[in-house]
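Number of protein chains: 2
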Amino acid sequence: MGPMNSREKMIDATLRLLRSQGFRGTGVNQIVQESGAPKGSVYHHFPRGKGQLVIEALREAGTAVEKKITQALDSHPDVGTALRAYLEWYGREIRESDFQRGCPVANVAMDVAASEPNIRAVCQEIFGAWTALIAKRLHADGFGKPEADSLAEFVVSSLEGALVLCRAQRSTRPLQRVAKRIETMLPARNRRTHMRKSL
Amino acid sequence: MGPMNSREKMIDATLRLLRSQGFRGTGVNQIVQESGAPKGSVYHHFPRGKGQLVIEALREAGTAVEKKITQALDSHPDVGTALRAYLEWYGREIRESDFQRGCPVANVAMDVAASEPNIRAVCQEIFGAWTALIAKRLHADGFGKPEADSLAEFVVSSLEGALVLCRAQRSTRPLQRVAKRIETMLPARNRRTHMRKSL
Numbered sequence: 001m002g003p004m005n006s007r008e009k010m011i012d013a014t015l016r017l018l019r020s021q022g023f024r025g026t027g028v029n030q031i032v033q034e035s036g037a038p039k040g041s042v043y044h045h046f047p048r049g050k051g052q053l054v055i056e057a058l059r060e061a062g063t064a065v066e067k068k069i070t071q072a073l074d075s076h077p078d079v080g081t082a083l084r085a086y087l088e089w090y091g092r093e094i095r096e097s098d099f100q101r102g103c104p105v106a107n108v109a110m111d112v113a114a115s116e117p118n119i120r121a122v123c124q125e126i127f128g129a130w131t132a133l134i135a136k137r138l139h140a141d142g143f144g145k146p147e148a149d150s151l152a153e154f155v156v157s158s159l160e161g162a163l164v165l166c167r168a169q170r171s172t173r174p175l176q177r178v179a180k181r182i183e184t185m186l187p188a189r190n191r192r193t194h195m196r197k198s199l
Numbered sequence: 200m201g202p203m204n205s206r207e208k209m210i211d212a213t214l215r216l217l218r219s220q221g222f223r224g225t226g227v228n229q230i231v232q233e234s235g236a237p238k239g240s241v242y243h244h245f246p247r248g249k250g251q252l253v254i255e256a257l258r259e260a261g262t263a264v265e266k267k268i269t270q271a272l273d274s275h276p277d278v279g280t281a282l283r284a285y286l287e288w289y290g291r292e293i294r295e296s297d298f299q300r301g302c303p304v305a306n307v308a309m310d311v312a313a314s315e316p317n318i319r320a321v322c323q324e325i326f327g328a329w330t331a332l333i334a335k336r337l338h339a340d341g342f343g344k345p346e347a348d349s350l351a352e353f354v355v356s357s358l359e360g361a362l363v364l365c366r367a368q369r370s371t372r373p374l375q376r377v378a379k380r381i382e383t384m385l386p387a388r389n390r391r392t393h394m395r396k397s398l
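Line by line, the protein sequences are chains V and G. Residue numbering for the first sequence follows my numbering, starting at 1 and increasing by one per position. Residue numbering for the second sequence follows my numbering, starting at 200 and increasing by one per position.
There could be a bad hint or two in this list.
Unchecked claim - With a cut-off of at most 16 Å between alpha-carbon atoms, the simulated EDC-like pairs for lysine to aspartate or glutamate come out as follows:
{"#": "1", "chain 1": "G", "residue 1": "K379", "chain 2": "V", "residue 2": "E147"}
{"#": "2", "chain 1": "G", "residue 1": "K249", "chain 2": "G", "residue 2": "D277"}
{"#": "3", "chain 1": "G", "residue 1": "K249", "chain 2": "G", "residue 2": "E207"}
{"#": "4", "chain 1": "V", "residue 1": "K180", "chain 2": "G", "residue 2": "D277"}
{"#": "5", "chain 1": "V", "residue 1": "K136", "chain 2": "V", "residue 2": "D78"}
{"#": "6", "chain 1": "G", "residue 1": "K249", "chain 2": "G", "residue 2": "D273"}
{"#": "7", "chain 1": "G", "residue 1": "K238", "chain 2": "G", "residue 2": "E207"}
{"#": "8", "chain 1": "G", "residue 1": "K379", "chain 2": "V", "residue 2": "D149"}
{"#": "9", "chain 1": "G", "residue 1": "K208", "chain 2": "G", "residue 2": "E255"}
{"#": "10", "chain 1": "V", "residue 1": "K50", "chain 2": "V", "residue 2": "D12"}
{"#": "11", "chain 1": "G", "residue 1": "K335", "chain 2": "G", "residue 2": "D277"}
{"#": "12", "chain 1": "V", "residue 1": "K180", "chain 2": "G", "residue 2": "E233"}
Hint data in this document are derived by calculation from the structure and do not stem from the laboratory.
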């Protein structure tokens, strides 16, 4: 990757701020300052201001996570191990950022769900895309479609909640516990589904 | 309960605002305005200002949840059913509030973990108290201590994450799914632990 352009710098700064302090704490001035980009370029790249900047930053973060999950699913024989590997990587990222690095989508969803319907819808879309990726693989592994959807959403719920607890504890233990439990839960239920198709 | 005094009104308004918009979006002026209490009484009741108000509000919310969980555990034969009943009640609360009602502890943990060590520690303490309540009951039900602790933290993680997804989706389905899965997961593992003590 070459050096970032102004647009990329602003997206990057936006994500960093959303992760550590949420939507309402993050103003356009602080984004510009953090990014080192010239102030005038904000409204050149993001004519609709903060809302647009946040939506584009969330979409980039969402896509980056999709890539990471796909990579993990493609390089492990079963989905439980793949998710564990992904969560271990995420735990390292959080520790290296000294627990600054929360999930920007969750942070924004918590702050704006009640007041910014467009941004809320983007959060829903991103969580939905992650859930669909995992559900697709679970379905391919033999889970029925409703069970695959429900399990995948449970995985996303428990990992998002673990991130909240990690921030509160300044420890990645909640994430490690979720990773292990997901790993043991998935193949076990998978075998059961294969054995007792009628359930 | 009689009418609320100024202190109670301010705690109540603080919680409402933390639930819907997080720590950074919530200022002392807005709290006073929402509460209807006289402005002068903020620094009478909370001489250390917003930080103190938030900490006391979180502690009250934490204790209220502890009471609800204890009540649920006391009135159901097994912990899975108890947690499901609790989560169903929570889901109704969220729906009735038109999805304004997030978890104030999670909202604050996300916003301040990196910048307000005292408030972060209070969030950790509250999550820890909820986890300990559930772990104690799981241990009494026959789970080994480390497994009870780990399972209880997994329960808190998955319910906190489900609340994030509920806000993003404007639906309580993620919470219902977590409730059902916790219910089926707990007795199953319980039986296994009883059968195979050596694990």
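To see whether the hints hold, each was checked on the structure:
For a cut-off of 16 Å, the pair hint linking G:K379 to V:E147 stands: about 12 Å separates their Cα positions. Annotation: proposed proximity of G:K249 to G:D277 is violated, straight-line Cα distance about 40 Å (limit 16 Å). Taking the CA atoms of G:K249 and G:E207, the gap is near 15 Å; set against the 16 Å cutoff, the hint holds. Taken as a hint, the V:K180 and G:D277 pair is broken in the structure, with Cα atoms around 24 Å apart against an allowance of 16 Å.
A C-alpha spacing of about 13 Å is found between V:K136 and V:D78, which places the hinted pair at or below 16 Å, so the restraint holds. Distance restraint check for G:K249 and G:D273: the Cα-Cα separation of roughly 36 Å exceeds the 16 Å cut-off, and the hinted pair is therefore not satisfied. Of the supplied pair hints, the one linking G:K238 and G:E207 holds, its CA atoms being roughly 14 Å apart against a limit of 16 Å. As the CA atoms of G:K379 and V:D149 are separated by approximately 14 Å, the hinted pair is consistent with the 16 Å bound.
The straight-line distance between the Cα atoms of G:K208 and G:E255 is roughly 13 Å, inside the 16 Å bound, and the hint therefore holds. The straight-line distance between the Cα atoms of V:K50 and V:D12 is roughly 14 Å, inside the 16 Å bound, and the hint therefore holds. Of the supplied pair hints, the one linking G:K335 and G:D277 holds, its CA atoms being roughly 13 Å apart against a limit of 16 Å. Proposed proximity of V:K180 and G:E233 is contradicted: the alpha carbons are some 44 Å apart, above 16 Å.
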